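Full structure from sequences and hints, please.
Same order as they appear, the protein sequences are chains B and P.
Letter by letter, the first sequence follows residues 1 to 253 of our numbering.
Letter by letter, the second sequence follows residues 1 to 309 of our numbering.
I should point out that these hints are in silico values taken from the structure, not numbers from a laboratory.
Quick caveat, the model's predicted, so the values are computed rather than measured.
Heads up, the beta-carbon is just placed ideally off N, CA and C, and yes, glycines get one too.
Hints are supplied without guarantee of correctness; some may be wrong.
[Unchecked claim] Chain B stretches covered by chain P per the calculated footprint, using a threshold of three residues with CB under 8 angstroms from any CB of chain P:
{"hint": "1", "region": "10 to 21"}
{"hint": "2", "region": "78 to 88"}
{"hint": "3", "region": "242 to 253"}
[To be verified] Chain P is nowhere near these chain B residues, computed Cβ spacing over 10 angstroms in every case:
{"hint": "4", "residue": "Phe25"}
{"hint": "5", "residue": "Asp48"}
{"hint": "6", "residue": "Leu92"}
{"hint": "7", "residue": "Ala95"}
{"hint": "8", "residue": "Val97"}
{"hint": "9", "residue": "Leu169"}
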Amino acid sequence: MNRAAIRAIYVSEMTRFFRTIAQSFISPVISTSLYFVVFGAAIGSRIDQVEGVSYGAFIVPGLIMLSVMTQAITNASFGIYFPKFIGTIYELLSAPVNFLEIVLGFVGAAATKALFIGLVILGTAALFVDLQIQNPLAMIAFLLLTCLSFALFGFIIGIWAQNFEQLQLIPLLVITPLVFLGGSFYSIAMLPPVWQKITLFNPVVYLISGFRWSFFGVADVPIGLSLLAIAAFTALCLGVVWWIFRTGWRIRT
Amino acid sequence: METIADIRDLRKTYAGGFEALKGVTLAIETGEILALLGPNGAGKTTLISTICGITSPSGGSVTVGGHDVVSGYRDARRLIGLVPQEIHLEPFSKVKDTVAFTRGLFGKPRDDGLIERILRQLSLWDKRDARVVELSGGMKRRVLIAKALSHEPALLFLDEPTAGVDVELRKDMWAIVDGLKAQGTTIVLTTHYIEEAEAIADRVGVINGGQLLLVEEKAALMKRLGQKCLQIDLLDPVTAIPEVLAGYGLEIVGNGHALRYTYDTRGEGTGITRLLADLSAAGMSLRDIQTEQSSLEDIFVGLVREGAA
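Quick look at the structure:
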C-alpha cells in the first residue's frame with residue numbers, strides 16, 4: 001500500500017477545499033437557513049407534527065442528506081474530472097499507485113468535505129429547532145456511509161464525464177429529484193397508496209428513512225433494509241470503480 | 001554498458017485502429033543521454049507514454065530496472081520520472097506544494113531539504129510560494145521538471161523539453177540536462193530539433209512511422225552516415241567544369257569562384273587525392289580548401305526519406 005500517495009492526493013484535495021473555505025462554509029449555512037425559513041417557519045407553522053415530531057425538526061435529516069449527497073458527488077466528480085480536463089492525470093497514471101489508493105485519496109477527501117458540510121448543517125439546524133438524536137452511533141454510521149458511497153458515485157461520474165455539462169447532468173437530473181421525492185420533506189405515509197409503492201423504488205428513500213430513524217426513532221422502512229440499501233449501493237459503486245481501473249475505461253488509452 | 005530499460009518489440013495500436021508503434025526494440029543504457037529524434041506523429045510520445053504507464057501496450061514488453069512495466073508497475077514506475085510535452089499543471093497550487101505532491105504520489109516520505117535543492121537547482125526557489133498560474137511559460141516547464149525529479153528517478157523522460165521555448169531557455173534546459181547526467185540520472189529526451197540531439201545526446205535514435213530506424217552513438221552515426229563536403233576556392237573563376245573533372249559531380253558555386261565536392265566518408269576512398277591531382281592537371285590554381293561535416297539534420301532527412309521510399 002502506497003500510503004504516501006493516498007496522503008498526497010488527500011492533502012492536495014483538501015487544500016483546494018480550504019482555499020475556498022468561506023464559500024464551502026457559507027453556502028450550505030445560507031441554503032439551510034432558507035429551507036428553515038420557507039419550510040420550517042412559513043409552511044411548517046401550518047403543519048402539525050409528523051409522526052410525533054415537529055415539522056421543523058422532521059425535515060432536518062432530509063436536509064442534511066440532500067446536501068451531503070450533492071456535496072459528496074460534486075466534490076468527488078470534480079476532483080477526478082479536473083485532472084482529466086487540465087491534463088495532470090498523467091501523473092496519476094504514471095505513478096506507482098493502484099486504483100484503491102487513488103480512490104481512497106479522492107473519495108476520502110470528497111467524503112470528508114461532505115461530512116464537514118453535513119455537520120455544519122446539523123449545527124445550523126440546531127439553532128432553529130430543538131433537535132434530539134436518539135441513536136448517535138447509527139446517525140454517524142449513516143452519515144459516513146452516505147458520504148462515502150455518494151463520493152464513490154461522484155468519482156464514477158467524474159471519470160465518465162467528457163465535458164462540464166455531463167459533470168452537472170447526473171446531480172441535477174437524477175440526484176436532486178430522487179432526494180426531493182425521497183421523503184426529505186414529508187413522510188411516505190402522507191402519500192397516496194399508489195405513490196407509496198412507487199416511491200419504494202427510489203433508493204434514496206431508504207437512506208433518508210434510516211437517517212431519520214437515528215434521530216427520532218421513526219422510519220418509513222425497516223432500519224435493517226435501510227442499512228442493507230446503503231451497503232449495497234456502496235458495494236455497487238466500489239465494483240464499478242474497480243472495473244474502471246482494471247479496464248482503464250476513459251482514463252488510460 | 002548496463003541497461004536500465006529494455007524495450008522489446010513494443011507495439012501500440014490505438015482504439016481507433018491507428019498503429020502508433022510497430023515493434024520497437026531498444027535498450028536504454030544506464031547513465032546515458034539518449035535523444036529520440038523524429039518528426040511530429042512519429043510515435044515518440046506514444047513510446048514514452050507506454051513505458052511510463054499512461055497508455056497500455058498492445059504487444060511486446062518493457063522492463064525498467066528489471067521490473068516489467070505492466071506486471072511490476074510499482075517497482076518500475078518508482079524509477080521513472082516523466083516531464084510531459086504539454087504543460088499540465090494544476091494552476092492554483094503553489095510551486096512547492098505541487099512538487100511535494102508528486103514526491104508523495106511516488107511513495108516517498110516528505111523531504112523539504114531535497115525539494116529545496118531541486119527548486120534551487122532549477123532557479124525556482126524564489127517562486128516556491130507562487131501559484132503556478134502566476135508563472136511564465138519557461139518557469140512552468142521548470143516546475144514540470146522539478147516535479148519529475150522530486151522522487152529521485154533513475155530514468156528521466158523529457159518529452160520535447162524545448163518545443164516552443166526561446167533560445168535562452170533552451171540553453172538553460174541543456175545545462176540542466178547536463179547537470180542531471182552528472183548526477184547519474186539516465187535521460188531520454190524526444191525532440192524534433194536536430195541541433196538539440198547533436199548538442200547534448202550520447203546516442204541518437206531516429207524514429208518515424210512507429211518504427212525505430214536506428215540507434216547509434218551520436219559521433220558514430222555522423223561518421224557512418226555523414227557526408228562531407230569539400231569546398232575548393234579557385235584563384236581564377238570558371239564558367240564550366242573542365243572535361244577531365246566531369247566524373248566528380250562537382251558543383252560550381254560563388255559565381256565560379258569555387259567548386260564543391262561532396263563525398264561519402266563511408267566510401268573506400270574519398271577520391272580527394274585524385275581530384276586534387278586532376279585539378280592541377282587541368283591547370284587550376286587553388287586559393288583555399290575547406291571541408292564541412294554534414295549535420296545530423298542531413299542524416300535525418302536522408303533516413304526519413306529512405307523510410308518513406
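Comparing the hints with the structure gives:
{"no.": "1", "hint": "10 to 21", "in the structure": "holds (count 5)"}
{"no.": "2", "hint": "78 to 88", "in the structure": "holds (count 5)"}
{"no.": "3", "hint": "242 to 253", "in the structure": "holds (count 3)"}
{"no.": "4", "hint": "Phe25", "in the structure": "holds (19 angstroms)"}
{"no.": "5", "hint": "Asp48", "in the structure": "holds (50 angstroms)"}
{"no.": "6", "hint": "Leu92", "in the structure": "violated (7 angstroms)"}
{"no.": "7", "hint": "Ala95", "in the structure": "violated (4 angstroms)"}
{"no.": "8", "hint": "Val97", "in the structure": "violated (7 angstroms)"}
{"no.": "9", "hint": "Leu169", "in the structure": "holds (24 angstroms)"}
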